[in-house]
Amino acid sequence: AQSVSQHNHHVILSEAASLELGCNYSYGGTVNLFWYVQYPGQHLQLLLKYFSGDPLVKGIKGFEAEFIKSKFSFNLRKPSVQWSDTAEYFCAVNVVGNNDMRFGAGTRLTVKP
Amino acid sequence: EAGVAQSPRYKIIEKRQSVAFWCNPISGHATLYWYQQILGQGPKLLIQFQNNGVVDDSQLPKDRFSAERLKGVDSTLKIQPAKLEDSAVYLCACRVGHTNTGELFFGEGSRLTVL
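Taken in sequence, the protein lines are chains A and B.
Each residue of the first sequence is one higher than the last, beginning at 12 in the working numbering.
Each residue of the second sequence is one higher than the last, beginning at 680 in the working numbering.
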């Protein structure tokens with residue numbers, strides 16, 4: 012079945028630790044890829060996106076993600092997390108030509124001060 | 680630029696009652712979506728509008744859910760009668776233009792609790 016998989020349900024890190032959140036998708040065809048973040052009590056907002064070109068994309072707040080087509084992956088990374096990065100992170104896939112955007116189940120990140 | 684407005688933010692009802700949620704998207708954003716986000720899960724698409732026409736409602740439980748977007752601007756999502764499993768956050772999102780690419784802009788959601 013077509014899906015978006017986020018392997019980590021809850022990640023707990025200390026400040027300054029490095030972060031990598033996994034995202035894999037099973038859709039064929041050309042895809043647009045997104046990471047959204049939801050801070051406590053706030054709405055979903057875009058962190059970064061990939062449409063084409065350089066597979067390493069940089070987003071806001073020091074986040075980056077790498078699209079590896081052969082692995083159907085779009086992992087999110089940050090070299091050094093801060094307490095303010097505590098949030099829920101959602102990977103999303105939009106197959107070009109289809110209508111909707113499909114989301115993964117989300118990964119809750121807790122950063123300890 | 681104003682964001683996506685949704686109301687009410689919170690609603691508690693008993694099962695078999697009805698509820699309606701309202702969304703006012705960003706001005707000029709032609710495409711509007713309603714998503715359902717159950718606790719611990721990612722958002723799931725319920726319905727997509729392009730202007731005032733339905734593009735995709737394949738995942739909308741039509742026996743109890745309905746949605747409309749009169750005049751291609753505001754939208755309402757209704758549940759009648761509600762079931763316990765409808766407890767979730769209902770998210771409205773919009774996208775610029777008529778393309779299927781580009782980011783979605785989300786409202787803060789309407790949290791529904793069905794008792």
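Hints are computed from structural coordinates only; laboratory data are not their basis.
Among these hints, one or two may not hold up.
[What the hints assert, rightly or not] Residues on chain A that point at chain B, a partial pick, calculated with CB under 10 Å:
(1) 36
(2) 38
(3) 49
(4) 57
(5) 105
[To be verified] The calculated DSBU-like cross-link candidates involving lysine-lysine, where the alpha carbons are at most 35 Å apart (straight line), are:
(6) A:123 - B:750
(7) A:72 - B:690
(8) A:60 - B:723
(9) B:723 - A:82
(10) A:60 - B:741
Please read all numbers here as calculations on a predicted model, not as lab measurements.
Here a beta-carbon is modelled for each residue, glycine too, at the ideal position from N, C-alpha and C.
Structure-based check of each hint:
1. 36: 12 Å, violated
2. 38: 13 Å, violated
3. 49: Cβ of residue 49 of chain A sits 9 Å from chain B, so the hint holds.
4. 57: This interface hint holds because 5 Å falls under the 10 Å limit.
5. 105: 6 Å, holds
6. A:123 - B:750: 48 Å, violated
7. A:72 - B:690: Given pair residue 72 of chain A, residue 690 of chain B holds - Cα atoms ~34 Å apart, limit 35 Å.
8. A:60 - B:723: Given that 35 Å is the threshold and the Cα spacing comes to 19 Å, the pair holds.
9. B:723 - A:82: 24 Å, holds
10. A:60 - B:741: With a Cα-Cα distance of about 33 Å, the restraint between residue 60 of chain A and residue 741 of chain B holds, given a limit of 35 Å.
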